[in-house]
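Novice: Sequence:
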Amino acid sequence: MPNIRPGWTPKQSVYLRLAAIEFLRVSLAGHETNEYLNAFFEEWVATYGNPTVREGSTLEAAMALHKTRVITTIRWYAFRGGNGPGKSKMARIHKLKHCLERDLYYLWDLPEDYSKSAARGGPVS
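Residue numbering for the sequence shown follows this note's numbering, starting at 1 and increasing by one per position.
These are computed hints drawn from the structure, not numbers from a lab. Be aware that one or more of the hints could be misleading.
Restricting the straight-line Cα-Cα distance to at most 27 Å, the calculated cross-link-like pairs of lysine-lysine (BS3-like) are [claimed, not checked]:
{"id": "1", "residue 1": "K67", "residue 2": "K95"}
{"id": "2", "residue 1": "K67", "residue 2": "K11"}
{"id": "3", "residue 1": "K67", "residue 2": "K89"}
Ranges between beta-carbon positions, derived for each pair [to be verified]:
{"id": "4", "residue 1": "V53", "residue 2": "T9", "range": "32 to 38 Å"}
{"id": "5", "residue 1": "H94", "residue 2": "G56", "range": "43 to 49 Å"}
{"id": "6", "residue 1": "L107", "residue 2": "E43", "range": "19 to 25 Å"}
{"id": "7", "residue 1": "L28", "residue 2": "T52", "range": "34 to 40 Å"}
{"id": "8", "residue 1": "R54", "residue 2": "P6", "range": "14 to 20 Å"}
Ideal Cβ positions, reconstructed from N, Cα and C, are used throughout, including at glycine.
Could you build all of it, start to finish, from the sequences and the hints given here?
Specialist: Below you can see the structure in the form of structure tokens.
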């Protein structure tokens, strides 16, 4: 079964996992991760729209809370719920990619004869 964090749709969960992979790549390259996270959140809002503003709250407060939730979820995926990636960032990227591939298989109901070589245009056994 797919690994979907509570409160997110399957599509959002996949998108956040892709963001976690890119977050680790940015970190591995020695670039500023906060810039990436801010840019990703802008992209997220452009894709999914502003969060719902609850009665008695403001849009700014709702956006700040939503941004914290999105970024926390990205970090959760990147660091397996801990404070750091563990053994290595490359190993974590590899694990995230493997899990993402598995989840896509379940979410999009790929045919049973699907293989990596078929996806790459190689020979199908």
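Novice: It remains to establish, for every hint, whether it holds in the given structure.
Specialist: Cross-check of the supplied hints:
Under the criterion of a C-alpha separation no larger than 27 Å, the hint pairing K67 with K95 is consistent with the structure, at around 25 Å. Straight-line distance between C-alpha atoms of K67 and K11 comes to about 18 Å, which keeps the hinted pair within the 27 Å bound. At most 27 Å may separate the alpha-carbon atoms for a hinted pair to count; K67 and K89 meet this at roughly 24 Å. Taken as a hint, the range 32 to 38 Å is violated for the pair V53 and T9, whose Cβ atoms sit roughly 20 Å apart.
Checking the proposed 43 to 49 Å range against H94 and G56 shows it holds: the Cβ atoms sit about 46 Å from each other. Our hint of 19 to 25 Å for L107 and E43 holds, since their Cβ atoms are close to 21 Å apart. Range check, L28 to T52: Cβ separation about 35 Å, and the 34 to 40 Å hint holds. Between R54 and P6 the Cβ separation comes to about 19 Å, which falls inside the hinted range of 14 to 20 Å.
In summary, the structure is inconsistent with hint 4 from the numbered list given earlier, while agreeing with all the others.
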